[in-house]
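J.: Using the hints provided, position chain C relative to the given structure of chain P.
Here the protein sequences line up with chains P and C, keeping their order.
Read left to right, the first sequence gives residues 1 to 558 (my numbering).
Read left to right, the second sequence gives residues 1 to 245 (my numbering).
Read the hints as simulated data drawn from the structure, not as lab findings.
The structure displayed is predicted, hence computed values, not measured ones.
One or more of the hints may lead you astray.
[Said to hold, decoys possible] Calculated cross-link-like contacts (lysine to any residue; reagent style SDA-like; alpha-carbon spacing at most 20 angstroms): (1) Lys531(P) x Pro192(P); (2) Lys61(C) x Pro192(P); (3) Lys428(P) x Gly50(C); (4) Lys44(C) x Ser348(P); (5) Lys428(P) x Leu493(P); (6) Lys44(C) x Asp550(P).
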Amino acid sequence: MSTQVPHAEQGIFQKYFWSTDHKIIAMQYLFTGMAMGLIGGYLAYVFRMQLAFPGHSVPGFGIVTPGEYNTVVTMHGSIMIFWVAMPVLIAAFGNFLIPLMIGCDDMAFPRINRLSYQIFLLSAVVLVASFLVKGGAFGGAWTSYPPLSASGAYNLTPLGASLWLVAVALEFVAFLLGGVNFIVTAMNSRAPGMTMYDIPMVVWMIVLASIMFMASVGPLIAGAVMLLFDQTLKTGFYDPARGGDPLLWQHLFWFFGHPEVYVVLLPAIGIVAELLTVFARKKLFGYKTILYTTWATVIISFLVWAHHQFVAGIDPRMANIFSVTTLLVSVPITEMVFLYIATLYGGSIRFHTPMLWAVAFVAEFMIGGVTGIFLGASGTDIYLHDTYFVIAHFHYTFVPIAIFSVFGGLTYWYPKMFGRMLNDTLGKVHFWGTAIPFNLIFIPLFITGAAGDQRRTYNYALFAEQSRPVLQHLRMFATFGLLVMLLFQLVFLFNFFWSLRHGRRAEANPWMANTLEWTVPSPPPHGNFAKLPTVYRGPYEYGVPGRIDDYWPQDVPN
Amino acid sequence: MLERYLTGASTYAHSIDHLFLLIAALVGFWLIVAEIALFWLSFKFRRKQGRPTQYVTGEEKHLARWVTIPHLLVIVCDIVILVPALIVWFNIKQTNPPIEQTVRVFGQQWAWSFQQPGPDGILDTADDIRTVGELHVTVNTTYRFELRSRDVVHSFAVPSFRLKQDALPGRTISGWFRPNRVGTYDIQCTQICGIGHALMAGRVIVETPQEHAAWLIRASNPALAERESPPASATGASIVAEVRR
Chain P
1 MSTQVPHAEQ GIFQKYFWST DHKIIAMQYL FTGMAMGLIG GYLAYVFRMQ
51 LAFPGHSVPG FGIVTPGEYN TVVTMHGSIM IFWVAMPVLI AAFGNFLIPL
101 MIGCDDMAFP RINRLSYQIF LLSAVVLVAS FLVKGGAFGG AWTSYPPLSA
151 SGAYNLTPLG ASLWLVAVAL EFVAFLLGGV NFIVTAMNSR APGMTMYDIP
201 MVVWMIVLAS IMFMASVGPL IAGAVMLLFD QTLKTGFYDP ARGGDPLLWQ
251 HLFWFFGHPE VYVVLLPAIG IVAELLTVFA RKKLFGYKTI LYTTWATVII
301 SFLVWAHHQF VAGIDPRMAN IFSVTTLLVS VPITEMVFLY IATLYGGSIR
351 FHTPMLWAVA FVAEFMIGGV TGIFLGASGT DIYLHDTYFV IAHFHYTFVP
401 IAIFSVFGGL TYWYPKMFGR MLNDTLGKVH FWGTAIPFNL IFIPLFITGA
451 AGDQRRTYNY ALFAEQSRPV LQHLRMFATF GLLVMLLFQL VFLFNFFWSL
501 RHGRRAEANP WMANTLEWTV PSPPPHGNFA KLPTVYRGPY EYGVPGRIDD
551 YWPQDVPN
Chain C
1 MLERYLTGAS TYAHSIDHLF LLIAALVGFW LIVAEIALFW LSFKFRRKQG
51 RPTQYVTGEE KHLARWVTIP HLLVIVCDIV ILVPALIVWF NIKQTNPPIE
101 QTVRVFGQQW AWSFQQPGPD GILDTADDIR TVGELHVTVN TTYRFELRSR
151 DVVHSFAVPS FRLKQDALPG RTISGWFRPN RVGTYDIQCT QICGIGHALM
201 AGRVIVETPQ EHAAWLIRAS NPALAERESP PASATGASIV AEVRR
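In isolation and in its complexed conformation, chain P is listed as follows:
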């Protein structure tokens, strides 16, 4: 399957930049995602400083003008979702884990895989380059509603707006290519004996996320092309003066945008499933139920998009349908969370760093979940729509997804990726230094949102109700939380890079886990398995009665 000659000498360029090895491509995605994460974090720092100390020069940036503020919030959202959560959760973990966990030597289409990363890198370059063009990077929010986004005269970032669209479109192409690979590989290249119900949950979740992405992204790509035409060729798809309709974009965007939330959620809960079972030494509570509830989530999530548009000028009767479907989607998700909690029952839980992240994921994600009910209920959404309540709500989902589960996954698979152990003490320091400040940032924002703070507003000076000192104190408090959280990321970066050279050498299976990636040396050699494995059982056989070991790897014969 592999297109490379295994033993030929490879130059550094060939090995690290032109490789078709799924593990190298995973690392490319991971490091690109981490670099983009640093940019996204810096942008958050800039606008939180502006909100806490309006009009003051932000150290490391300078005075934030209203135009720059719009650019900064737009890019923070776009980068964190499209260039951090997607590449790290789906592409990095998907590429690294799928072939290793299902027991094959590489992806089904290694060269398409390489192309996928190259297009992704190009999209990142286009996006970062858009900061440098005249007018600066796009400043019309990551949702890019026309007519604001369609005309440079309105958004004052004409070049940035088009480059943003091009970058997003390229990024989608990259993930379509990657997703095809994930689905085909997981369905066709599994080790002999691995049935559908023996597939580790994280692989299932990445596959389902790829299916969702493929099914939802088409309308948005069509919409993006029309928007690009509106911008550059002066067509009128979204211009009401010429028979177009700005609402069309909102439907196309959210038809993609809401499933997208679940596209990043699913890999995260897949990672958490692996962590909970390994560190609790427990079989996953109701594997099949989790799988079916995920399918239900996938299907229902295509029917909820207009809950982003209750007050957008759609027919108000539509809101009733979408309110019902939105609360309906809480049914499978609740079931899933309950099953995760139940998995801990009867376990023997080891609180290593990855497990702390996994438990914190469940604890924090539940807050994000329940606050979504306020917004899905159309009555309360009238007031809360486009306030900081929404921001706090989706950060309580997205931060557990894109930060907690990613750190959990990285600290867990780090020995497999790099052949060294991370320092567990530093890992725990980093965990508490991230999890506590995270709550300090967003709990105050629930309150400012409930008090009416509207989004994407660089200064509340003109709004008497929003200028009350108590609200300003809450904004400063949130910014303080962010500063502490950002500071503690240095601990992780130090741990990550220091351990690459100085960490304790990792044996093949340091966590005593069952899945196939732990049967090969750390890090796995090119081609992964010396002898392709055969699978005899499911991935979560921990604590099986009558065995001396409390784990039972998938490839060990009975």
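T.: The following block gives chain C in isolation, referenced to the frame of chain P:
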């Protein structure tokens, strides 16, 4: 509950606040139950020497019901939330109480402007009163608003009224509100609309009928109005100043 954070000044503010409270009570209860279960299990089943793991698949009936029963109760709570949520929505967005006054609201980069009938009480006549940034209304009067945008998408929001509606270019979207408390309240734009988004502030001034009548006389007398309606130029100047900075 929301009243603690921001005054309610319209008739439907209370129904939204009550709905918020209902949801907060129900989801708050379930959140606390679930968090306690999570942390209690984490603590109870922490690693202890000599205590082996239990082998549980999750398909045992006596264990699965610990998940199934709460889950069914959650679904019941979903319905308990959904019904009042839809009723509140229906009353605010899908029904029109008898209308006493009509006002046109225009959003544009970056100001709200308003068109109200003058002393003759009829819209689109010569004595219509047009204001920028300030909307004067009478307390305990049901207003119909007709919302339009002149350029991009804006969102007309009066947080104290719990009122929010996007303004779309190319269509007129109508709705209603009935202020029930005298005072001055903020108007926001809650949909990003360009670099002046944060400058798109307005005020709605809820007056007693007497105050409103006095305002009507002043506003419909051009000589008086000339002297005290600076908002248009002032807003413009401040935007230019902000942009230049």
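J.: Quick check: which numbered hints come out false for this structure?
T.: As far as the earlier hints go, 2, 3 are violated by this structure, in ascending order.
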